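**Student:** What follows is each chain in one-letter form.
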Amino acid sequence: MTDLAVVVRGMRLGYGQFVVLDEVDLTVAEGEIVAVTGVNGAGKSTLLSCLAGLHRQLAGTLTVLGSPPRDDAAFWRAVAIVADLPTWYPGLTVREHLDLVRLTHSPIRGWCLPADELIDTFGLAARADAVPLDLSSGQRQRLSLAAALARPSRLLLLDEPEQSLDAGFRQELAGLLREGYAANGGTVIMATHDADFAAAAGARRVLLAEGRVAAPGLAGPTP
Amino acid sequence: MTAPAAEATSVAAVRSFVGSRQVRRRAWYDWYAMGFAVVLFAVLASDILAEPFSRLTASPGASPPAQAVAGAALVVGAAAGLLVLAQTFGPLAISPADASWLLLSPLNRRAVLRRPLTTTAVLAALAGAVLGVLALAMAGPYLPRTHHELWAWLVLAAISGAGFFMAAALTAVLAQPSRRRRGRLRTAAATTSAAAVLVGVAGRRWSGLAHTVTAGFGHISYLTAWVLAAIALATACGAVLTARRMLPLFPAGVLRDDSVRAGRTRLAASFLNVPLLTWVAEDNRWRGQLLASRSWPRLSPAFTLAWADWRRLGRRPAPLAVLAASTLAPALVAAAITGHARGLTIAATVLAGAVAAGTQGAAALRRDANDPTLRRLLGVNAGAALAARAALPALLSAAWLTLALTVLVLAGVLSGWLWPALGLVAAPGAAAAALRIARAEPIDPSQRGPDTPISTPPWLATRAISALLGVIGCYPLLTAVRAGRADGGTLAAQVVLSAIVLGGYLFFASR
Numbered sequence: 001m002t003d004l005a006v007v008v009r010g011m012r013l014g015y016g017q018f019v020v021l022d023e024v025d026l027t028v029a030e031g032e033i034v035a036v037t038g039v040n041g042a043g044k045s046t047l048l049s050c051l052a053g054l055h056r057q058l059a060g061t062l063t064v065l066g067s068p069p070r071d072d073a074a075f076w077r078a079v080a081i082v083a084d085l086p087t088w089y090p091g092l093t094v095r096e097h098l099d100l101v102r103l104t105h106s107p108i109r110g111w112c113l114p115a116d117e118l119i120d121t122f123g124l125a126a127r128a129d130a131v132p133l134d135l136s137s138g139q140r141q142r143l144s145l146a147a148a149l150a151r152p153s154r155l156l157l158l159d160e161p162e163q164s165l166d167a168g169f170r171q172e173l174a175g176l177l178r179e180g181y182a183a184n185g186g187t188v189i190m191a192t193h194d195a196d197f198a199a200a201a202g203a204r205r206v207l208l209a210e211g212r213v214a215a216p217g218l219a220g221p222t223p
Numbered sequence: 001m002t003a004p005a006a007e008a009t010s011v012a013a014v015r016s017f018v019g020s021r022q023v024r025r026r027a028w029y030d031w032y033a034m035g036f037a038v039v040l041f042a043v044l045a046s047d048i049l050a051e052p053f054s055r056l057t058a059s060p061g062a063s064p065p066a067q068a069v070a071g072a073a074l075v076v077g078a079a080a081g082l083l084v085l086a087q088t089f090g091p092l093a094i095s096p097a098d099a100s101w102l103l104l105s106p107l108n109r110r111a112v113l114r115r116p117l118t119t120t121a122v123l124a125a126l127a128g129a130v131l132g133v134l135a136l137a138m139a140g141p142y143l144p145r146t147h148h149e150l151w152a153w154l155v156l157a158a159i160s161g162a163g164f165f166m167a168a169a170l171t172a173v174l175a176q177p178s179r180r181r182r183g184r185l186r187t188a189a190a191t192t193s194a195a196a197v198l199v200g201v202a203g204r205r206w207s208g209l210a211h212t213v214t215a216g217f218g219h220i221s222y223l224t225a226w227v228l229a230a231i232a233l234a235t236a237c238g239a240v241l242t243a244r245r246m247l248p249l250f251p252a253g254v255l256r257d258d259s260v261r262a263g264r265t266r267l268a269a270s271f272l273n274v275p276l277l278t279w280v281a282e283d284n285r286w287r288g289q290l291l292a293s294r295s296w297p298r299l300s301p302a303f304t305l306a307w308a309d310w311r312r313l314g315r316r317p318a319p320l321a322v323l324a325a326s327t328l329a330p331a332l333v334a335a336a337i338t339g340h341a342r343g344l345t346i347a348a349t350v351l352a353g354a355v356a357a358g359t360q361g362a363a364a365l366r367r368d369a370n371d372p373t374l375r376r377l378l379g380v381n382a383g384a385a386l387a388a389r390a391a392l393p394a395l396l397s398a399a400w401l402t403l404a405l406t407v408l409v410l411a412g413v414l415s416g417w418l419w420p421a422l423g424l425v426a427a428p429g430a431a432a433a434a435l436r437i438a439r440a441e442p443i444d445p446s447q448r449g450p451d452t453p454i455s456t457p458p459w460l461a462t463r464a465i466s467a468l469l470g471v472i473g474c475y476p477l478l479t480a481v482r483a484g485r486a487d488g489g490t491l492a493a494q495v496v497l498s499a500i501v502l503g504g505y506l507f508f509a510s511r
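Taken in order, these protein sequences are the chains called U and D. Using the working numbering, you'd call the opening residue of the first sequence number 1 and step up by one each time. Using the working numbering, you'd call the opening residue of the second sequence number 1 and step up by one each time.
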């Protein structure tokens, strides 16, 4: 029997007077890639944030890797999230930011890519010694994603990873997630608007509409 | 989930990694600029604090009861205000970069947060010590002390102030993860501040109240001061231990949001970046609100655009209540300060209050100055829009000045009923300054050019010009308040100057 990475039952969540998610049910197996789709404001980013334990649900149950999101060292060793672009350390280069991630997550045990390989794979070789502020928005997005793969994790939460990326690299990223991360046992849950990217990653699509799961999803291309 | 914490990297090693790569050698002019700033601050602070501290050794006759009560009220109000300010910055916050790279990691949360907690506690203790000594200075002439005990009283006051204020700041840290607790603490601080201001102003009007309070000062014995200091220390220690214990459980989501907001607030505050500062506050206020949409009134396009501020103010009456309460501030300052600084300080408070009131009616203008996309989209002529938008700031400044000057008359600081009328006609001058502040472009620190030790940075000059515009626009009123005398000539001069300054500003700003 396949282990479950994420189990969500009847989850309700809101900001102030807004109810963003209502009665959401979702089950994700370990090693699976899930693409959460839906129109703007459907609650995709909120769902990811809740899975990371950054927002507490108003009702329902949520289990991530066997327990509720605990916001402790063990949880953040197992879970990586790429949402908004991070604030970069002033005076630190691209390579140093990747080294920093590996340092904060040492000892490194499990599948991940070393900094040099990430710099090559993500097309940052020419800018490795530049500070992130000097990168284009697409290159900064590449660096954010590379940082998430510079350390081992069991669950990767990606909020619109395709943002600012060129079409060619989206396909490369999809391949890396499918053949690298997920093939080594990692689970990916990503919010995306790019059906081709989701299909290239071999993701099961879950459609969110009006704060609910409208379709639990099937593997394959978007109709 | 397994946690191989035994071999995990320490926070110290990570900070060392980051720090070693960020080292920049300071040039001689960096040290010169820093030293110059410290000396300037020391000179200004000693000038401001010399008068209150002189009361430490004064006899009861040297400081009337009303003045002592008003001074003590100012100290309590300042403490409450500082606590609210601390909440704006977190009070527990890490740098936005630390929030991005260290917070959502396996690093020991307590170790990551130890340094910011220590910083919060130390800053609170320093501020509290100053407030404690100031409170002693206010009550000083009425305390039953002998001259040779002065240093002991000073030390005890500093310890009491530091302990109690540190405990208050750490209570704010404990309340930080809960929106409801934060709100309660902010309400408590605002209520304390308002009560202190009311007592301070009332003490000037009703001498019986002032005598009762100063008689209370007389019952604070040396032993009581020791007991208070001991209680303050114990409270502070308890707060430190409790805060330290909750650090590993401090929610990452709250800390990440607060740190990003605090980072923007710090950046804005450090460059007197009022538009960015208010942008942050404004966005936080409206986020998560569900409002009833209403149709727009039938007005010209420019006035329709200006109506946004009227509607915003109607939806948010709290700032109006705060503004109304702040009209007591000049009277409180008048009661607390004596000597040659008195008239000048009252005039400065009157100007600051009038301009601050005006800026409350210019939120949409500030937003357009930051990002003109929406105004361009609406296609309204910029000059007509600015003129229409001047009405609300002028009205708010007029209301504030009229009320504040009436309170000064009622409190006996000023005499004659010409003052409220003078406030009314001075409002356009203050409104011009408010409009200029609202229209000041936000400062992008990366684009602001080099600050040199021997010249004024351009961003500071633009801010100073706004204040100068207010001084010029309200000059007859301010000189009259400073001297405590006003006549028909002052009123006429103010009418003319207000028309010239606001009219001139609108003319040149629209070109």
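Just so you know, the hints here were simulated from the structure itself, not pulled from any lab data. Errors might be hidden in some of the hints.
To be verified - Computed from the model, here is a short list of chain D residues facing chain U with C-beta under 7 Å:
#: 1; residue: 21
#: 2; residue: 96
#: 3; residue: 100
#: 4; residue: 106
#: 5; residue: 107
Stated by the list, open to error - Simulated DEER-style distance windows between Cβ atoms:
#: 6; chain 1: D; residue 1: 218; chain 2: U; residue 2: 70; range: 54 to 60 Å
#: 7; chain 1: U; residue 1: 185; chain 2: D; residue 2: 110; range: 29 to 35 Å
#: 8; chain 1: D; residue 1: 316; chain 2: U; residue 2: 74; range: 41 to 47 Å
#: 9; chain 1: D; residue 1: 115; chain 2: U; residue 2: 70; range: 39 to 45 Å
Source: prediction; values computed, not measured. All C-beta atoms, glycine included, are put in the ideal place defined by N, C-alpha and C.
**Student:** That 39 to 45 Å hint for residue 115 of chain D and residue 70 of chain U (C-beta), does it hold up?
**Tutor:** At roughly 24 Å between Cβ atoms, residue 70 of chain U and residue 115 of chain D fall outside 39 to 45 Å, so the hint is violated.
**Student:** Have a go at the residue 100 of chain D hint: is there a Cβ in chain U nearer than 7 Å to its own Cβ?
**Tutor:** holds, 3 Å
**Student:** Given residue 21 of chain D was flagged as interface, is its beta-carbon under 7 Å from a beta-carbon of chain U?
**Tutor:** holds, 6 Å
**Student:** Using the C-beta atoms of residue 185 of chain U and residue 110 of chain D, is the stated range 29 to 35 Å upheld?
**Tutor:** holds, 31 Å
**Student:** For the hint 54 to 60 Å, verify it against the beta carbon of residue 218 of chain D and that of residue 70 of chain U.
**Tutor:** holds, 57 Å
**Student:** Just tell me: holds or violated, for the beta carbon distance of residue 316 of chain D and residue 74 of chain U against 41 to 47 Å?
**Tutor:** holds, 44 Å
**Student:** Tell me if residue 106 of chain D is really an interface residue toward chain U, meaning its C-beta lies closer than 7 Å to one of theirs.
**Tutor:** Residue 106 of chain D check passes; min Cβ-Cβ to chain U is 4 Å, inside 7 Å.
**Student:** Quick one, is the residue 96 of chain D hint okay against chain U at 7 Å, beta carbons?
**Tutor:** At 4 Å from the nearest chain U Cβ, residue 96 of chain D passes the 7 Å test, so the hint holds.
**Student:** Can the hint on residue 107 of chain D be confirmed by a CB-to-CB distance to chain U that is less than 7 Å?
**Tutor:** holds, 6 Å
Hint 9 from the earlier list is the only one contradicted by this structure; the remaining hints agree with it.
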